[in-house]
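Student: Once you know that position 189 of the sequence shown is 189 in our numbering, the rest is easy, because the numbers rise by one and skip nothing.
Derived from the structure by calculation, the hints contain no laboratory data. The reader is advised that the hints may include incorrect statements.
The calculated lysine to any residue pairs, modelled on SDA-like cross-linking and capped at a C-alpha distance of 20 angstroms, are [unchecked claim]:
hint: 1; residue 1: K26; residue 2: R95
hint: 2; residue 1: K205; residue 2: I151
hint: 3; residue 1: K16; residue 2: R95
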Amino acid sequence: MARHYDTGTSFYLVTKGEITLDAAGKAQRIVAPCACIIDTECLFGVTSGRSTGVEILVWVWREPPQADGLKPEPGGARVLPLQADALPRLLELHRHCRDEVARTDAAITRTLTALRTLVEVELVRASRAPQAEDELQWERVRTWIGANLAIHAPIPALCDYLRMSPSTLNRFFMKHAGVAPGAYFRTAKKQEAQRLIQNEGWTVKTTAFHLGYRHATDLSRALAK
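Start from the sequences, fold in the hints, and give me the full structure.
Tutor: Shown next as structure tokens:
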């Protein structure tokens, strides 16, 4: 595709293969899955790369994108690598847009506005870097601890839950919390006790029973530290 100006803001969705985007005087290799959002004042061209098969879906909108994460520089283009699992949703939205354009009835303005919002939301979501599995696992651990503060042997239970050895579990906690798992658990338990007593009005005895302390005096000593 020779260099040209589009009549609106162009959303190029590269779903297969690779292309070279020549925009604002700069050539950039684009590998699927990827979105290219091109300003209406941008002179650009597209050529196919080494791939034998290239698939591109295109939207051309009159107005620039509303989402900050999608807006290209004036006269330029924004390139957004995408997560592959978002492609089916984007393909479905493109199909819906084609269907609405074919209808050309009185509702088209409302329906296309709604569809465009969905397209932008999906592109923003799909362009976010996926959270590292290690971070996701840490979030799961924190949730698990919050739901199991009353157990008496948290370390073996955590090892079983995460399928980790005690030494691996210790390294995992030192990396994310800077303390050993036992110390983290005791602190979380103490903080929840303080919350229940100070904010919820629970008695020390009731709180101790709820959180699995063997005696109310054990909780009192923990709170005094």
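Student: Work down the list of hints and note, for each, if the structure agrees.
Tutor: Now the hints, each set against the structure:
| no. | hint | result |
| --- | --- | --- |
| 1 | K26 - R95 | violated (31 angstroms) |
| 2 | K205 - I151 | holds (17 angstroms) |
| 3 | K16 - R95 | holds (17 angstroms) |
Hint 1 from the earlier list is the only one contradicted by this structure; the remaining hints agree with it.
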